[in-house]
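Start from chain A and add chains B and C according to the hints.
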Amino acid sequence: MLMPLSGCAFEDIDRRAFVTSIGIDSSEVKDKKYSVILKISMSKGDPKVIGSDFLMLQVNCNSISEGLDLLRAMSDKKLEYGHVKVLLFGEEVARKDISLAVDYFMRRPDIQKIAYLGVGKPNAYELLRFKPKEEAVAGSYFFYAFERSRMQSPFVYAVPLYDASRRITTPGLDLTIPVMAYVHDDLQINQIALFDKKKLKVELASDESKLLKLLIAGVHNDTLTLKTKDGVFSVTTEDGESDYKLAIGQGKAKAFFSIKMKGALIERMDDSGVITEDIKKTLEQKAEEQLQKNVLQLLIKLKEEGLDPLGFGLRYRSRHWDHSNEVKSWSAIYPELEFQVKVQYKIKEN
Amino acid sequence: MRFEGLTKNEDFLKREFDNRYFSICLYYLSTVCNEDDIFDKLISPFYLSSSSDDYVKYLRSFPNCSLHTGDDEGTERLLDGFVMVALNGSMLSVRMKDFKSRSVSESTEENVLQGPKDGLNEDIHTSMNLIRNRYKSESLRMESHSAGSKSKIKLMLLFDEQLADAHALSELKEKLSHIHVDLIQSAGQLQKNLIKSRFNLFPLFLTTERPDRVVKNLAEGKIVILIEGSSWALIGPAAFFDFFKSMDDPVQMPVIGQFMLFIRYVALVITLVLPALYIAIISYSPDLLKVQFALLVAGSRMSVPFPSYVEIMFMLIMTEFLIEASIRLPKTISPTATTVGGLILGQAATEAGLVAEVMIIVISAVAISNFVIPVNSMHQAIRVIRYPLIILASFLGTIGVVLGLLALIAYLCNLRSLGKPYMKLL
Amino acid sequence: MLQIRYYYFLLYLNFIVCMIEFTPKLIYSGRYTGSLSSLMLALFVTCLMIILFERQMNRFSGQSIAQIMSGTLARFVQKSLFLCYFVLTYGAGLIFLISYTQIIHRFICPDMSSGLLFAVFLVLVLFASLLASKSILFMLEIIVIFQIPFMMIMILLFLLDSNIQVDFLLEAATYIRHWPAYQMIAAGAFLFNGYMSRLVFNEHLVSSKPKKQLPVVFIIGLLLLLAYYFIPIGYLGLAGIDSDNDVWFTATNSMRLPHFFIERYLVVFLMIQLGVSLMFVIVCCHSSLQFLKQANLLNGGKIKWIWVSLLLVLSCALWPYMGESAIRNSFFSWFLNVKLVFDILMVLAVLCCARRIKPA
Chain A
3 MLMPLSGCAF
13 EDIDRRAFVT
23 SIGIDSSEVK
33 DKKYSVILKI
43 SMSKGDPKVI
53 GSDFLMLQVN
63 CNSISEGLDL
73 LRAMSDKKLE
83 YGHVKVLLFG
93 EEVARKDISL
103 AVDYFMRRPD
113 IQKIAYLGVG
123 KPNAYELLRF
133 KPKEEAVAGS
143 YFFYAFERSR
153 MQSPFVYAVP
163 LYDASRRITT
173 PGLDLTIPVM
183 AYVHDDLQIN
193 QIALFDKKKL
203 KVELASDESK
213 LLKLLIAGVH
223 NDTLTLKTKD
233 GVFSVTTEDG
243 ESDYKLAIGQ
253 GKAKAFFSIK
263 MKGALIERMD
273 DSGVITEDIK
283 KTLEQKAEEQ
293 LQKNVLQLLI
303 KLKEEGLDPL
313 GFGLRYRSRH
323 WDHSNEVKSW
333 SAIYPELEFQ
343 VKVQYKIKEN
Chain B
9 MRFEGLTKNE
19 DFLKREFDNR
29 YFSICLYYLS
39 TVCNEDDIFD
49 KLISPFYLSS
59 SSDDYVKYLR
69 SFPNCSLHTG
79 DDEGTERLLD
89 GFVMVALNGS
99 MLSVRMKDFK
109 SRSVSESTEE
119 NVLQGPKDGL
129 NEDIHTSMNL
139 IRNRYKSESL
149 RMESHSAGSK
159 SKIKLMLLFD
169 EQLADAHALS
179 ELKEKLSHIH
189 VDLIQSAGQL
199 QKNLIKSRFN
209 LFPLFLTTER
219 PDRVVKNLAE
229 GKIVILIEGS
239 SWALIGPAAF
249 FDFFKSMDDP
259 VQMPVIGQFM
269 LFIRYVALVI
279 TLVLPALYIA
289 IISYSPDLLK
299 VQFALLVAGS
309 RMSVPFPSYV
319 EIMFMLIMTE
329 FLIEASIRLP
339 KTISPTATTV
349 GGLILGQAAT
359 EAGLVAEVMI
369 IVISAVAISN
379 FVIPVNSMHQ
389 AIRVIRYPLI
399 ILASFLGTIG
409 VVLGLLALIA
419 YLCNLRSLGK
429 PYMKLL
Chain C
7 MLQIRYYYFL
17 LYLNFIVCMI
27 EFTPKLIYSG
37 RYTGSLSSLM
47 LALFVTCLMI
57 ILFERQMNRF
67 SGQSIAQIMS
77 GTLARFVQKS
87 LFLCYFVLTY
97 GAGLIFLISY
107 TQIIHRFICP
117 DMSSGLLFAV
127 FLVLVLFASL
137 LASKSILFML
147 EIIVIFQIPF
157 MMIMILLFLL
167 DSNIQVDFLL
177 EAATYIRHWP
187 AYQMIAAGAF
197 LFNGYMSRLV
207 FNEHLVSSKP
217 KKQLPVVFII
227 GLLLLLAYYF
237 IPIGYLGLAG
247 IDSDNDVWFT
257 ATNSMRLPHF
267 FIERYLVVFL
277 MIQLGVSLMF
287 VIVCCHSSLQ
297 FLKQANLLNG
307 GKIKWIWVSL
317 LLVLSCALWP
327 YMGESAIRNS
337 FFSWFLNVKL
347 VFDILMVLAV
357 LCCARRIKPA
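Protein chains in written order, with the working numbering: chain A, 3 to 352; chain B, 9 to 434; chain C, 7 to 366.
No wet-lab data here; the hints were simulated from the structure.
Just so you know, even glycine gets a beta-carbon here, dropped at the ideal spot from N, CA and C.
Any given hint could be a false lead.
[Stated by the list, open to error] Restraint-style ranges between C-beta atoms, simulated for each label pair:
| no. | chain 1 | residue 1 | chain 2 | residue 2 | range |
| --- | --- | --- | --- | --- | --- |
| 1 | B | F314 | A | N64 | 38 to 48 angstroms |
| 2 | C | I312 | B | P396 | 22 to 32 angstroms |
| 3 | B | Q170 | C | R61 | 32 to 42 angstroms |
Chain A with its partners taken away, still in its complex shape:
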């Protein structure tokens, strides 16, 4: 009696297809909105063979759920979304609106909220087609790239789905998503795209991305190229972190940034002399100046675009007790916000 009732739920693992990434592009067909791409990882019979095969399914549709339904008809196996680790949006879609898609994925119970988001350049399909030389499971390449970037990459700040969702819903904290570009048969993830709640507004250059990452999450192992009168040096930053305070006075608002960095290894870039304590001192000073200038530039750029990836607005609200018209008053304060950046750069003995 029970068997027919549970029959449709009973499906052996080899009759299931594991979707590891979902891509969303804007459709080339005229009256369709999206083109949904699934990357399905294929299981291998022999565990000793390294390598991964995958299957791509693509469909044009007007809504994501419609697309997923259509895709179901294209596969002989049951599509399993529990292992989706990466959600890629094509650049074109990102420039229109991704908030609805994020909301859809957020409310779908079988998709993990720790899936990472990325903006694919030129589009999601090209990127998902990318097959690295060695990969344990198709699609894990992206995932591990993001995963590692949280700790190690100096360029991007990986954003999981739930983070994206709360950045979309929370006023005063804006969404940033790493840009994945397909350049010369290689994958590059070194840019951050800034969103104003719904759509992509600015793509930061990789230098600016680096700084933004420093401001948001701190960095590990980043290099700075410094020109001094003694020659050109490249300094590896071992550890850097930043913190800021908001001070709201009468009508005047100021954000005090304090950035602390530790440099370690110095590489001489031309045939300048041995590195002495003096050179170290000047290098430190130079680094501080350079960083301060760049950070200030970036902050002003963000302010002028009206974007707030650092969450000044949230910080403002979390420090104020009066909630009656915070959001409004903050939107008046932000354009007038002034910045002060203090950088401390220390080069260790080596």
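Same frame as chain A, now just chains B and C:
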């Protein structure tokens, strides 16, 4: 003629003797009495005594001597190895019992690393001797009972009067008096008759053949039943967690002992849940696993034509066969059987693509961890209880496993051993 | 007689089950208008209630509720009170069972029919609730002790997650200066409502030491309350929590078990919560049957089975009507208000009885 019921037996003897002063008649069963003893202790003194009064006084000096009038009582005594001495119209019984058993030997079913090696004996007196010598306390009580309507088997109730729970004791006595079966031969049988319910799966009494375990339990206030003719003792009231204690634990350093205990519970969980969980994960919610692992499993299952529950049932039943076979086979052959069965069958089955490699690992883990449970009766119960869980898992997936476990816990919590809760932490 | 710890397990069980269903929706709907302060107030109020209640109940250690009330209240009043409680506890069990069935259906096996799940759960719950009260308590202890490590893992995962921004939490905390609202207090008090179970289990428990235990109860209660309020906010943001029906499951779906062979915490959490929730429903069902027994309506084997089959039929009949979460929610908030009134009535009744025996 006296003792009508016994006269047809070959071993029933009636011997008459006469000296110059008086005559006696001995009745006994030659198979349960020691004839040398009878000659030395009854017949020789008879020819040396000069009056029947003297001889009666001599007989009275025997520890178990008593005077009888009825025939029924006498028959019972005869069967128990007594010699009936009839003189001057009265009937005296004297114990001349001969119980053939092995001498104290090593316990073979419950092995320990350190700790004493001797095991209980079929002869109840030897066992009592072993126990008394280990537990020298004046509050130790030994009460004799009997069970079985056809064959009256002697039971010995041992308990520490100061520690044992009076409720449990009276309940046990009550239950013993209500046993109405013809024959009881072993501890397991007695246990079955003490537990009324037919569908009971779990042992409510500990069975042991180790005197040190008996003594340890006595000191914890438990009641021990020794059975004549069986080298196993029943210990009650028992709790679920008692079945996971080995006699090695008190020997070890505390931390190591705790660790061993922990390992056993882990083994319990694995052997109980793993097969069901395998089905649940493979067929219902593979998103529990990491992708890599899920794909690996999917790959190794590619060639398997059956659904997961058929696969696992097939292999589990094979291992059950293997275990059964290796118990029944002579000791010289059983290693061969396990090798052929375990290694070759497993290897061949995966190579033929009939079962997944991962499944073989699961099955072996289940089989090995089953043997970690130290008490035999418990690990058999666990072996059986796996199957309902598997059935639940194949219908309801992971939910089925959780439901099954919940039902199992509810069932265990509702069991009582001699009025004491069976499953209760602390 | 069993130690008093079972009583605290009942409290804990009540909290962890109620924290994931119904109450979050209610509490977070007032997150801009003083739900946090209401929760804090609820904690204080319930602590006071617990002390008051326990002190009265300690006078009657080892007595059933009918024994406590006999002599003080008229038999008719007693009976109707017990019948009301029968309906209340059974209703609580049923809506929790239905709503958890829906959750399991949505998150674990969308392909399986939810009616089947409900039927299976119901059968298990009804049979388990027929066990002796002591057996229920033993079972409760095992389940709760099994759950506690997972609760701690969850809190640890939250604390160690680098993606949680303190600003979110602080923003939520700044709303504490709003005045508490009655509905929120009722919801908060319901979280700690486990102490009422003592009405049923008092026969089997020794008397407690309310003052000595209070700091522990208070601290654990506060900790749980903070976890309850802030963990979802940390993951979803104060504004984002609004759109979500199953706040806790979305939040745990955002957790990662980085170095473990199971990656999704959600699945583990769901399984554990399934066990705990069913345990809660079992306790509810058992309590309702016990109230019937106290009202002298559950004597003899046959009547017991009639009642059980009646409950079974009733549950199945109500199942289609309670399928909608909106209906369940409105029913639940109605239920909360009624329950609080009855709880106060009950405590007053017990107080009356305690007054009466005081001189003796």
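Is 32 to 42 angstroms respected by the C-beta to C-beta distance linking Q170 of chain B and R61 of chain C?
holds, 37 angstroms
Taking the Cβ atom of F314 of chain B and the Cβ atom of N64 of chain A, is their distance within the range 38 to 48 angstroms?
holds, 42 angstroms
Assessment of proposed distance window 22 to 32 angstroms (beta carbons of I312 of chain C, P396 of chain B)
holds, 29 angstroms
The structure is consistent with each of the numbered hints, conforming to all of them.
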